[in-house]
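Q: Protein sequences, first through last, are from chains A and B. The opening residue of the first sequence carries number 1 in the working numbering; numbering runs sequentially from there. The opening residue of the second sequence carries number 1001 in the working numbering; numbering runs sequentially from there.
Hints may contain errors.
[Stated by the list, open to error] Computed beta-carbon distance windows for the label pairs:
1) A:ASP66 x B:SER1177: 21 to 31 Å
2) A:LEU27 x B:ARG1085: 47 to 57 Å
3) B:ASP1084 x A:ASN240: 20 to 30 Å
4) A:SER177 x B:PHE1159: 35 to 45 Å
[Claimed, not checked] Just a few of them, taken from the derived set where beta-carbon distance is under 7 Å, the chain A residues facing chain B:
5) VAL61
6) LEU63
7) TRP91
8) ALA101
9) TYR126
10) ARG169
It should be emphasised that the hints constitute simulated quantities derived from the structure, not laboratory data. Cβ coordinates follow ideal geometry from the N, Cα and C atoms, glycine included.
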Amino acid sequence: MSRAGDQDPLEVHIKRKTYRRVSGDDLQVLGDIALAVASGEVAALIGPSGCGKTTLLRIIVGLDVDFEGTVRLPAHGRLGVVFQEPRLLPWRTVEENVRLAAPLASDAVLDGLFGTLGLAAHRSHYPGELSVGLARRVALARAFAVEPELLVLDEPFVSLDAELATRLRGELAELVSRRPVTTLLVSHDVDEVIGLADRIFLLSGSPARLLTTMPIQNPRSARTEAEVAAIRDELSRKANTARA
Amino acid sequence: MNAALRLGSIALLLAIWFLGSRLAGPRLLPDPQTVGLAMVAEARSGALAFNLGVTLARVAAAFAIAMVLGTMLGLAMGRRRTVDRIGDPWLVLLLNLPALVIIVLAYIWAGLTETAALAAVVLNKLPLATVTVREGARALDRNLEEMARVFRMSRWKRFRHVMLPQLSPYLAAASRSGLSLVWKIVLIVELLGRPNGVGFEIGTAFELFDVTKIMAYALAFVAVMLAIETFVVQPFERYVSRWRPRPS
Ligand SMILES: Nc1ncnc2c1ncn2[C@@H]1O[C@H](COP(=O)(O)OP(=O)(O)OP(=O)(O)O)[C@@H](O)[C@H]1O
Ligand SMILES: [Mg+2]
Chain A
1 MSRAGDQDPL EVHIKRKTYR RVSGDDLQVL GDIALAVASG EVAALIGPSG CGKTTLLRII
61 VGLDVDFEGT VRLPAHGRLG VVFQEPRLLP WRTVEENVRL AAPLASDAVL DGLFGTLGLA
121 AHRSHYPGEL SVGLARRVAL ARAFAVEPEL LVLDEPFVSL DAELATRLRG ELAELVSRRP
181 VTTLLVSHDV DEVIGLADRI FLLSGSPARL LTTMPIQNPR SARTEAEVAA IRDELSRKAN
241 TARA
Chain B
1001 MNAALRLGSI ALLLAIWFLG SRLAGPRLLP DPQTVGLAMV AEARSGALAF NLGVTLARVA
1061 AAFAIAMVLG TMLGLAMGRR RTVDRIGDPW LVLLLNLPAL VIIVLAYIWA GLTETAALAA
1121 VVLNKLPLAT VTVREGARAL DRNLEEMARV FRMSRWKRFR HVMLPQLSPY LAAASRSGLS
1181 LVWKIVLIVE LLGRPNGVGF EIGTAFELFD VTKIMAYALA FVAVMLAIET FVVQPFERYV
1241 SRWRPRPS
């Protein structure tokens, strides 16, 4: 299924994004941000809490069109989005939630996804009956089921206990290895993404600007402890320089 | 337990009715048995079924039209600020016009016709349905709508699976209050300008001071509405709220 390489990259050029405050004055949230994610690549977007990461994602997926700049989506721009909250339809079962978003997904694909994400026993449950961790996984399954050209995840592991977060990260890694998809993963935690991403974008505090782009050469499975530690040091040095 | 309480409550009502009839005399308040026999007599002649049917058809038509229009208007007003600004004064006007004024004007302007009768009932119900659905539309979850948009759900899917379930408590509330309001107004409309129906029969009985017949028709109709509430409205509500975790 994967045709990595023969599809367009994701290209984002943002000059400026401001919000109109309730009080009437403008708040600039995003400054100059230019980033590109190659086809099939997993990119992570890291920045301090409240810097504008969700805002940037909303612009990329087309939910916010009130900004200066351009966004080019890969190919047909079929999107899989995992929002910061699960955003499931409470009145539909787990399976219906996934099928409504992905009407073309075959039974085999769904069986595979539910199996990988440990949801097989919960297909006929309603979201109100799920724990937060399970609901997050349903949101992941829904985003994968559409076989997206661009997968966007907004802090999908936040507020989960460390063990569960690690397991979900592993599941995500497995899914993107099995079917490579251009992915943009948002986080405010370097450690969270360092074993997952092929490329890391570091954003400054608000208004967010792109501080640095850091490609990671080795594939996920072949990264050594030392390499990961080096990347972490480099990123924190860059972040600190920006703060100073 | 619940059924026993309900039955007990109905028995108490019948007892009070019976006592009241003893006190006031059978001319002013006939006892339950007399009213029951009158119902049977009306049913035998076929008049009861005919008049109930005619009235029920008017209730159903007016209710359906008012609910569909009210839902559309309420959605438009709840989701578009300009539409709300334009529609709101009309709504306030209709809400505050007495039902009788609307009915009389409808008959004067459109004649004593079925259309005028239905239009009068619809105009009475419409603003209430609109206001209730508008409340529901304002409370729609934007997050879910965004989710539906990024996953490219079709318009129909978004309506059927995202919006409608959120609106259903408001639609149920509008139906509940709507059904009882509509049938009360249909009766007045029939009394004032229709040659048949429960309202017309009650009007004739009023002229003859036939309290038994008035009560027979009123009770028969209440029974029908109760049956609709129990066998249609409540199961429907249970169905649309099946996903809600039960309170423990
Ligand atoms: N609709 C809005 N109107 C005005 N200001 C907003 C709006 N949405 C977000 N903001 C502001 O924009 C800034 C960036 O918000 P955003 O949600 O993009 O941050 P974030 O990086 O995703 O934060 P977090 O890590 O906490 O999720 C914040 O200061 C926030 O207060
Ligand atoms: Mg955010």
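Q: It remains to establish, for every hint, whether it holds in the given structure.
A: Results for each hint:
no., hint, in the structure
1, A:ASP66 x B:SER1177: 21 to 31 Å, "violated, 40 Å"
2, A:LEU27 x B:ARG1085: 47 to 57 Å, "violated, 28 Å"
3, B:ASP1084 x A:ASN240: 20 to 30 Å, "violated, 51 Å"
4, A:SER177 x B:PHE1159: 35 to 45 Å, "holds, 38 Å"
5, VAL61, "holds, 5 Å"
6, LEU63, "holds, 5 Å"
7, TRP91, "holds, 4 Å"
8, ALA101, "holds, 4 Å"
9, TYR126, "holds, 5 Å"
10, ARG169, "violated, 23 Å"
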